[in-house]
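Whole structure, please, built from the sequences with the hints as guidance.
Chains as they are written, first to last, in my numbering: chain F, 1 to 276; chain P, 1 to 771; chain Z, 1 to 193.
Bear in mind the hints are in silico, worked out from the structure with no lab data behind them.
Be aware that a few hints might be false.
What the hints assert, rightly or not - Computed cross-link-like contacts, EDC-like style, restricted to lysine to aspartate or glutamate with a CA-CA straight-line distance of at most 20 Å:
1) Z:Lys121 - F:Glu81
2) F:Lys48 - P:Glu104
3) P:Lys763 - F:Glu229
4) P:Lys767 - F:Asp228
5) Z:Lys122 - F:Glu81
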Amino acid sequence: MILDRFEYLRPSNVDEVVTAITTEDEVAIISGGTWVVQQMGQHLRRPKVVVDLSAAGLSGVSTNQDTISIGPSTTYTQLLEAGDTPPFLRKVASGITGGIQIRNAGTIGGSACFAYPPSDAPGALVTLNATMVLRSGDGQRKVAATDFFLDALTTALRPGEFLEEILVPIADTERIFSYQKFRNVTGSTPIVTAGCIASEDGLAKRVVIGGAATTPVVVDLAGDESEDEIADLTRSLISHPWSDALANANYRRHTAGTMATRAVRAVREQIEGEER
Amino acid sequence: MVYIDDIRLPNMHFAGILRSPHPHARIVSIDLTRARRAEGVEFALTGAEAAEHTDPIPHFISPLAFGGKSTDVRCLALGKVVYAGEPVAAVVADSRQNAEAAIELIDVEYEPLPFVIDGDEALAADAPRLYEDWDDNVVIQIPFGGGDPAAAFADAEHVIEDELQIQRYSTQPIEPRGYIADWDKSARSYTFYGASQNPHPLKWVLSRALRVKESQVRVIAPAVGGAFGLKMHGHPEESLVCLLSRLSGKPVKWIEDRSETLLIGAREQTHRFKVGFNSQGKISALKDHFVANVGALGAPPGWGMAFLTGMSIPTGYKIENVDVLVTVATTNKSPWNAARGYGKEATNLVMERIIDLVARSLDMDPVEVRRRNLIESHEFPYKTTGGLNIDSGDYHAALDKAVEMIGLDDVRAEQMRLLQEGRHLGVGFAFELTPESGDIPGTLVGGFDTSTVKMSPSGEVTVLTGVTTPGGGNDTSILQIVVDELGVTMADASILQGDTLTTPYGFGNYSGRSMVTGGNAAYLAACDIRVKLVEVASRILETDNTDVELGGGFARRISDPSRSIPIADVAYTIYTLAFATATGVEPPLESTRTYLPGNIQQTPDADGRINIYPTYSNAVHVAIVEVDIETGKVDLQRYGVVHDCGTIINPRFVEGQMEGAIAMGVGAALMEHSIHDPETGVLTTNGFKSYLMPRASDLPMIETMHQVTPSPYTALGLKGAGEAGIGGAQAAVSNAVHNALAPLDITIRKMPLSPGTVLHAIKYREKELKK
Amino acid sequence: MTTHEGVGINVTVNGESRDAIIDVRETLVDFIRVDLGLTGTHVGCRTGDCGACTVTVDGEVVKSCLALGVSADKAEIRTIEGFAESSEHLSIIQTAFWEEFGFQCGYCLPGMLFCTEELLKKNPDPSEAEIREAIDGNLCRCTGYHGIIRAVRRAAEETSQAQREKDELRDEEVWARPGERVDRALRGRESES
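The structure is reproduced here in structure tokens:
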């Protein structure tokens, strides 16, 4: 049960959003509400103001020259249905825990801003080299996804600022990729995710691990490492492991290595397949 | 379907319950001042105030009855709390939001005390004690067994000793608990609506706790959204909402939050066992000393599960020398309640793991080891060392059917092929014995039940029964028995359950008993009415009463089916021509009958053994899994079961019970786990994101075959159905996982077999092998 | 907008326009159950995990415990009370759940029905795996999902059949293709002793 009354605002454009969130009071921004509303129900968030972005015109996927623009309020279902959605992101959206209902309500931007380490979104956006466009009364600023996720449940968003747009470089979206997700069972949030998009020169040179640490971990590779080397390197890079009732830090670290290896293997096999 | 939370009474208010954040603490003071002033609040109550108006809640099964220790359990903690989550104070407000908001304004000062949440640690001499008037934390220690285990172990060719830790887990129906109490000031009586499995015994409990007569309490159980033992009574909130209603003068509703449902645990037991056997795989001796960590002692029947785990050893195996010791330990975890399987699931899991360990040590086929040890069909009734008098069965035939159903040879071939690719497929078998329809002497866990069948002048049939349904379909099945007997159609029949004012006294729903007791009682009552219908029909049809059959809503001559009369007309005749056509046939068309199954023995035999179960269903389960040895993840690929619960009334309902129980057992085997933080003693798995349960994609279709070995001790040959599946599935899956990992020779001693646990075992073994 | 008196909203529920004054603290499921009195929508967890509170909002299935009631202003909501086209007859999907024992206690049923409808709208001939995936957001503790899978399969076949009759198509083979494992299990059932 939500215990405290709050002011509820549903702005209809970006300027109104800025006005709505510019306040001294604690603000909760909701888009699909799938995380924040249950947090409010469990008394973990007790905002004075709730700003609902669902009518602010912030959903949709479109292509502009060399980038794909994704509205933060785009639901996973919309990502699956939109023609311009990067195939990698489509794959991510199809596997969101919680069923059709969560895909219909949960949004990519909302999940990014919630920054829950085991969620798919943080790792996926870092894999895609996304740029997060943040907006406040002072205007716009752009932050690379790698710099957006600061800690568990903590992003670069400042008070009075919201996520206006997610930009994905189009060049990255057309290449071979693999998204490996490990979860204990269907109902579990991801334990570890590993995203790998082939480099321009057709190698598996970068794997991004989600779920294992408080923020996504980027594993840079030369491209010719053995699988054991990739696993070891990945495990060594998990410096701030995440741990919860579903899996402890050791398990996540170990599995990060396994999933990184599988992601690279899948990309390499596809590349070899194409070359043949 | 109207569930408890769908009921709204005029002027209904809502209870909010403040729970202890500490696993063990003295309550120094409680200040309700701020809460009483909060928005919408009508009333607030502390434990000390509650104790002025109530007595302790009677134990569903008192340990005192079996020579154990007991403690007073109250609706609100008095003086100290013994688990995190224990109710400490309560408010009544005009909305659930306001009630829960007001709880935060209750100021409680606690003095935290040292606590213990581990069962073994609780048994240490210097462990913190929950109850100051006890000299340890042991509720009860009970031995079971027989023969000469020491001599048999000494003579055994082989002996294995090992351990199995079964995790704490929980039933978690999708509907949480909920109660509404409405105190009628002028009539001085309570109407209590509750998601309850046992309305009549609950009425007794409420009357004791609330210091009123039973006639001052009416319990109505609406539709229940799943129960599985959770909705058996003794919960503090039951009498609490009644008291709140009386003291506040309002009807009061309380609906449980999922985090509260998850507090209620069950099944945490550490088994340390030893088995003696010969080179042919024949087991001669068994020892199992186990510790059950039942949390704090609650009034619900949870702790008794451990008792029945011990009593049910060694299930359907012919083992003559058995040494079982059950130690029931209290700790500062929240109490248990009953959970489907009621301890027998643990017996099956442990026994089936033992059989597979024996097979592995001899390099024998585990199916063959089962064959060599199971009771043979000509040996029934068979009295086990635990005292159970097993009625009937053909275990070997069931085993053969399971082997055939799964295509074992093909599976083994596939297993070898995949192993070449580095993939680990495993197949696991489990025999499962499910003693059902129990009767625990000296408690309101009765082995009998009562049903009334009525037919009105218009031929409408009403069945009233003391058993209740948690949604498993026993209502429909009981109705079907009656309808078949009376020759009417389902459209003309209805059944009422769950209202203590209208239904005959009965014990409700547990232990797969509803069909055996309520169904048989309804059958007997229907037979009484049938006799009258046939008699009068024969007069109307001018024939002998042996020449009358009932069916499809008509009574007709067997010799000349064209001569028929609607059954409704026969009923009307009985009510309206009692001095003419129907003379000598006593109206009304009503009968109340009780069914007491055979085979229950309440008086101990020469060895002190009782037999609390009339019927013994059995099943053979087989699971096929693949284990990813890089992650430890278990993928359940196929599942088959051969089930024998005697005569079946409605196969789909029986299958539905079995399928649901298997899913629960798979959950228990692979994922479900209630975890407490060792630092704080608080439950961390307090929602469905951390307490994982099987979803559709986690399960395969369940292939079911029935075998029918009727019970010689029940009228229709029925045996209980409803609990079977949990232990069988846990064991079959666990055995399959071990079979998949056989090339690595791994034994996993902790349940559940989550990826973390399985991978840890693999890595540990790899290290061992390197050495 | 923050008042103890509540916030005024207008929703269309099962085709009927409703004005309501709502406590901002209410989630959509509370609004539906308490304010509108439509208790067929159930509450199992309030954390978006069990799916018993599933309804459609503007045509999409969602878990109503995860939405604020005030957010539903101007929305079109369909609850289980409005699931069948008429209150007199069960829909094809409901009938299939009844016939195939697709529920026991009934508590999870509304969510299962809505997800089935959503699935069949997009995929008239789902495989067993697709059926399972479609109801993965919903927990059932009674059936082991077995009867539910059969029910969805049957609903798919009967929906297609109804569609086919509508379209006056005669090609039997196009649609009548049961999921492989369902088929196997059903065959197993037929051969049982």
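The hints, checked one at a time:
The hinted pair formed by lysine 121 (chain Z) and glutamate 81 (chain F) meets the criterion: a straight-line CA distance of about 14 Å does not exceed 20 Å. Our distance criterion of 20 Å between C-alpha atoms is met by lysine 48 (chain F) and glutamate 104 (chain P), whose separation comes to about 18 Å. Under the criterion of a C-alpha separation no larger than 20 Å, the hint pairing lysine 763 (chain P) with glutamate 229 (chain F) is consistent with the structure, at around 18 Å. In summary, the hint linking lysine 767 (chain P) to aspartate 228 (chain F) is supported, as the alpha carbons are separated by about 17 Å, within the 20 Å threshold.
Between lysine 122 (chain Z) and glutamate 81 (chain F), the direct Cα distance comes to roughly 12 Å. Compliance with the 20 Å bound is thereby established for this hinted pair.
When the structure is compared with the earlier hints, no violation turns up for any of them.
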